[in-house]
Amino acid sequence: MKEEIKNSNWKLRKGRIIDAKQMTSAEKWFDIKLEDGGLDHEPGQFVQVELFGIGEAPISICSSPTKRGSFELTVRAAGRLTRAMHALGKGDWLGIRGPFGKPFPVKLMTGNDLLFVAGGLGIAPLRSLINYVMDNRREFGKVDILLGCKTPEDMLFGDEIKKWQKRLDVNFSCTVDRSAPEWKGNVGLITSLIPGVTMNPERTFSVVVGPPIMYKFVIAELLKKNIPERQIILSLERHMKCGMGKCGHCQIDHPKNYYCCKDGPTFTYEEVKAARKL
Amino acid sequence: MNYHILNKDGLDGFIKKLSKKMKVYAPVSKGHGNFAFEEVSSGAQVALKYIPTILPPKKYLMPQREKMLEFDVTGERPVDTAMLEAEEIALFGVHTCDLAGIQCLNMVFSERPRDYNYLLRKEKLFIIGLECNTYCDEHASCALVGNQLPNGGYDLFFTDLGECFIIHVNTQKGEDLLEDMGLPKAFPADMAELTRVREDKKAIFKNEIGVEPKKLPEIFEKAMNSKVWEELGKRCLSCGNCTNVCPTCYCFDMADTVNLDLKTGARSRTWDSCQFSTFAAVAGGEDFRPDRSERQRHRFSRKFKFPLDKFYRFFCTGCGRCTRTCMAKINLKDTLKALAAEQR
Chain A
5 MKEEIKNSNW KLRKGRIIDA KQMTSAEKWF DIKLEDGGLD HEPGQFVQVE
55 LFGIGEAPIS ICSSPTKRGS FELTVRAAGR LTRAMHALGK GDWLGIRGPF
105 GKPFPVKLMT GNDLLFVAGG LGIAPLRSLI NYVMDNRREF GKVDILLGCK
155 TPEDMLFGDE IKKWQKRLDV NFSCTVDRSA PEWKGNVGLI TSLIPGVTMN
205 PERTFSVVVG PPIMYKFVIA ELLKKNIPER QIILSLERHM KCGMGKCGHC
255 QIDHPKNYYC CKDGPTFTYE EVKAARKL
Chain B
1200 MNYHILNKDG LDGFIKKLSK KMKVYAPVSK GHGNFAFEEV SSGAQVALKY
1250 IPTILPPKKY LMPQREKMLE FDVTGERPVD TAMLEAEEIA LFGVHTCDLA
1300 GIQCLNMVFS ERPRDYNYLL RKEKLFIIGL ECNTYCDEHA SCALVGNQLP
1350 NGGYDLFFTD LGECFIIHVN TQKGEDLLED MGLPKAFPAD MAELTRVRED
1400 KKAIFKNEIG VEPKKLPEIF EKAMNSKVWE ELGKRCLSCG NCTNVCPTCY
1450 CFDMADTVNL DLKTGARSRT WDSCQFSTFA AVAGGEDFRP DRSERQRHRF
1500 SRKFKFPLDK FYRFFCTGCG RCTRTCMAKI NLKDTLKALA AEQR
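These protein sequences, in sequence, are chains A and B.
So the mapping is simple: this note's numbering equals the position in the first sequence, first residue as 1, plus 4.
So the mapping is simple: this note's numbering equals the position in the second sequence, first residue as 1, plus 1199.
Hints may contain errors.
To be verified - List of simulated lysine-lysine pairs, PhoX-like, C-alpha gap at most 20 Å:
#1 Lys6/A x Lys1222/B
#2 Lys1321/B x Lys1258/B
#3 Lys1421/B x Lys260/A
#4 Lys106/A x Lys1509/B
#5 Lys1462/B x Lys18/A
#6 Lys1258/B x Lys6/A
#7 Lys6/A x Lys1323/B
#8 Lys10/A x Lys1323/B
#9 Lys6/A x Lys1220/B
#10 Lys10/A x Lys1266/B
#11 Lys166/A x Lys188/A
#12 Lys1433/B x Lys1528/B
#13 Lys154/A x Lys166/A
#14 Lys1222/B x Lys1258/B
#15 Lys260/A x Lys1414/B
#16 Lys1207/B x Lys1258/B
#17 Lys1220/B x Lys1266/B
#18 Lys266/A x Lys1421/B
#19 Lys260/A x Lys1509/B
#20 Lys1414/B x Lys1509/B
#21 Lys6/A x Lys1266/B
#22 Lys1413/B x Lys260/A
#23 Lys281/A x Lys1421/B
#24 Lys1384/B x Lys1219/B
#25 Lys1321/B x Lys6/A
What the hints assert, rightly or not - Here are some, though not all, of the chain A residues that point toward chain B, as calculated from beta-carbon distances under 8 Å:
#26 Glu7
#27 Asn11
#28 Lys18
#29 Ile22
#30 Gln26
#31 Ile58
#32 Pro216
#33 His243
#34 Lys245
#35 Met248
Since the hints were derived computationally from the structure, they do not count as laboratory data.
Since this is a predicted model, take the numbers as computed values, not measurements.
Quick reminder that beta carbons are idealized off the backbone N, C-alpha and C, glycines included.
Full structure from sequences and hints, please.
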């Protein structure tokens, strides 16, 4: 006997790519419009992207909810689905589930200073929050953005970053691991930028997104600055097959039994400091 | 309390009548001391004395491979349908450990966001439990987790009283079925006999590892860096047998398959295992649980520690399947004893 399940959580919303652009050799950007309305997400959430016949993968939403009508994804060709996504362009259809996950605690951040620390592709999830803050700039105090990339060519959202650099209400610094002679900026690890930031730690929320290796060192620097553990916010990466706290893949090795997809991907350092790996 | 009586020689007729109403699955001997839930149409096929079946009843609630979605990309815009392929079935002879296993899965899949494939399957399942009057074998540890006695989770529950079965009726569905079969109500003497069987069980079923169950979460809390995990890691083959046969393991993977027309296909859910090397790996190459010892610790924690915070119960039912099936002879009772001994 076969019956349709109308309210199944596995049912896909259909999204159409309305714009796409190769950003670097490894990363491609997509602007996606859902046929049945807006995504209604909050900064820091993710969607499950389905390519019919290939499979599904969790991808962070990189646009702010203040941008209405469509949402954006930045995808690094790393696995089967993401490689297949790179072959897609304007007009192609996708299946979308979500948004999933606990967003960044935007309301708690209101009225405080913000220190964003992004490493590599970490700028993608963080951009959903940075652009939200830019569009509601009046609600927040001082804003510092620190960005680290491998080389200048790996920098994502270059045009947008130039605009952030020009803004008087934002302090922007960038560093690269390796550079070409024409690079005028900093060379070195992202941790080297933190001591230079002036801040009132009690009133600062620091949001850190980057590869696992980065967290340990960046957090140590932030703690040296006396930022309270619960005001250090991270976004963690795990493979999520369902997004509903069931499939088990994204469970973090932590005494509190966190599922990255439901309890995260955003966590305070206070919440996850007992984890074996961030 | 609502109890009925079925004489032993009436079991064959009971199964036959039941199998005319819906498909009936019951434990069947597979030889070499193995049993499996399979379709039956007569009482003679049913193994009333059996050690836990190779696979637990979860296979009826969450099949090893289950189609969740069908899609069609023939047209300009893709179309998908979420569907359920399931029929009304009766599961006969479910031991108390497996009833507890089903209850664990019920909690997981009814938590929001809900999994309607599971929940609709559950509604189509008529469950008939069967009491164990003695241990099935030395690997069971049901008394440790309090599953040697029934704790609900069934429509009907059979207890062997020697000459007859006394049947506890737990649901209206169960009542309707028994009325239809014309089974007589139990007499006070039968009830007294049931009480005696349960009293006898108190002497037979005892905490199998000698550690207070309430202490287990604390033992696991302190055992994060235990040598026991290293030892298990050296032996474990990462085959995933233990999780496949576990009545409460529900981790899964999702995969698409495409038909030969390359236009239609399906998304299916398959059982997965936290013991597999790729389970916690991400596309960028990072693996969050690369060592077998870490994966074993994770599996045990998901039975004796994590679910206590969330569901207030162990997710080990004491069935002993993981021990029976392990090719490396990793023994659940020995592992728990070793962890406890370390902290003494």
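Quiz item: Are Lys1462/B and Lys18/A close enough, with their CA atoms no more than 20 Å apart?
Solution: Satisfied, since the Cα-Cα distance of roughly 16 Å is no more than 20 Å.
Practice problem: Take a quick look at whether Lys1222/B and Lys1258/B sit within 20 Å of each other, Cα to Cα. | Solution: holds, 15 Å
Quiz item: Given the hinted pair Lys106/A and Lys1509/B, is their alpha-carbon gap at most 20 Å?
Solution: holds, 18 Å
Exercise. Could you grab the alpha-carbon distance between Lys260/A and Lys1414/B and see if it respects the 20 Å cut-off?
Key: Roughly 17 Å separates the two Cα atoms, so the pair holds.
Self-check item: Restraint check for Lys6/A with Lys1222/B, where alpha carbons must lie at most 20 Å apart
Solution: holds, 16 Å
Exercise. Verify the proposed pairing of Lys1414/B with Lys1509/B, using a straight-line Cα cut of 20 Å.
Key: With Cα atoms ~17 Å apart, Lys1414/B and Lys1509/B stay inside 20 Å; holds.
Exercise. With a cut-off of 20 Å on the C-alpha distance, tell me whether Lys1258/B and Lys6/A pass.
Key: holds, 18 Å
Quiz prompt | Interface hint compliance - Ile22/A to chain B, C-beta minimum distance less than 8 Å | solution = Constraint on Ile22/A not satisfied, violated at 14 Å.
Practice problem: Take the C-alpha atoms of Lys1413/B and Lys260/A, compute the straight-line distance between them, and say whether it is at most 20 Å. | Solution: Given that 20 Å is the threshold and the Cα spacing comes to 18 Å, the pair holds.
Exercise. Hold the hint about His243/A up to the distance rule: shortest CB distance to chain B must be less than 8 Å.
Key: Since chain B brings a Cβ to about 5 Å from His243/A, closer than 8 Å, the hint holds.
Quiz prompt | chain B contact restraint for Lys245/A - C-beta distance below 8 Å | solution = holds, 5 Å
Quiz item: Any CB of chain B closer than 8 Å to the CB of Glu7/A?
Solution: holds, 5 Å
The structure fails hints 16, 17, 18, 24, 29 and 30 (numbered hints given earlier, in ascending order).
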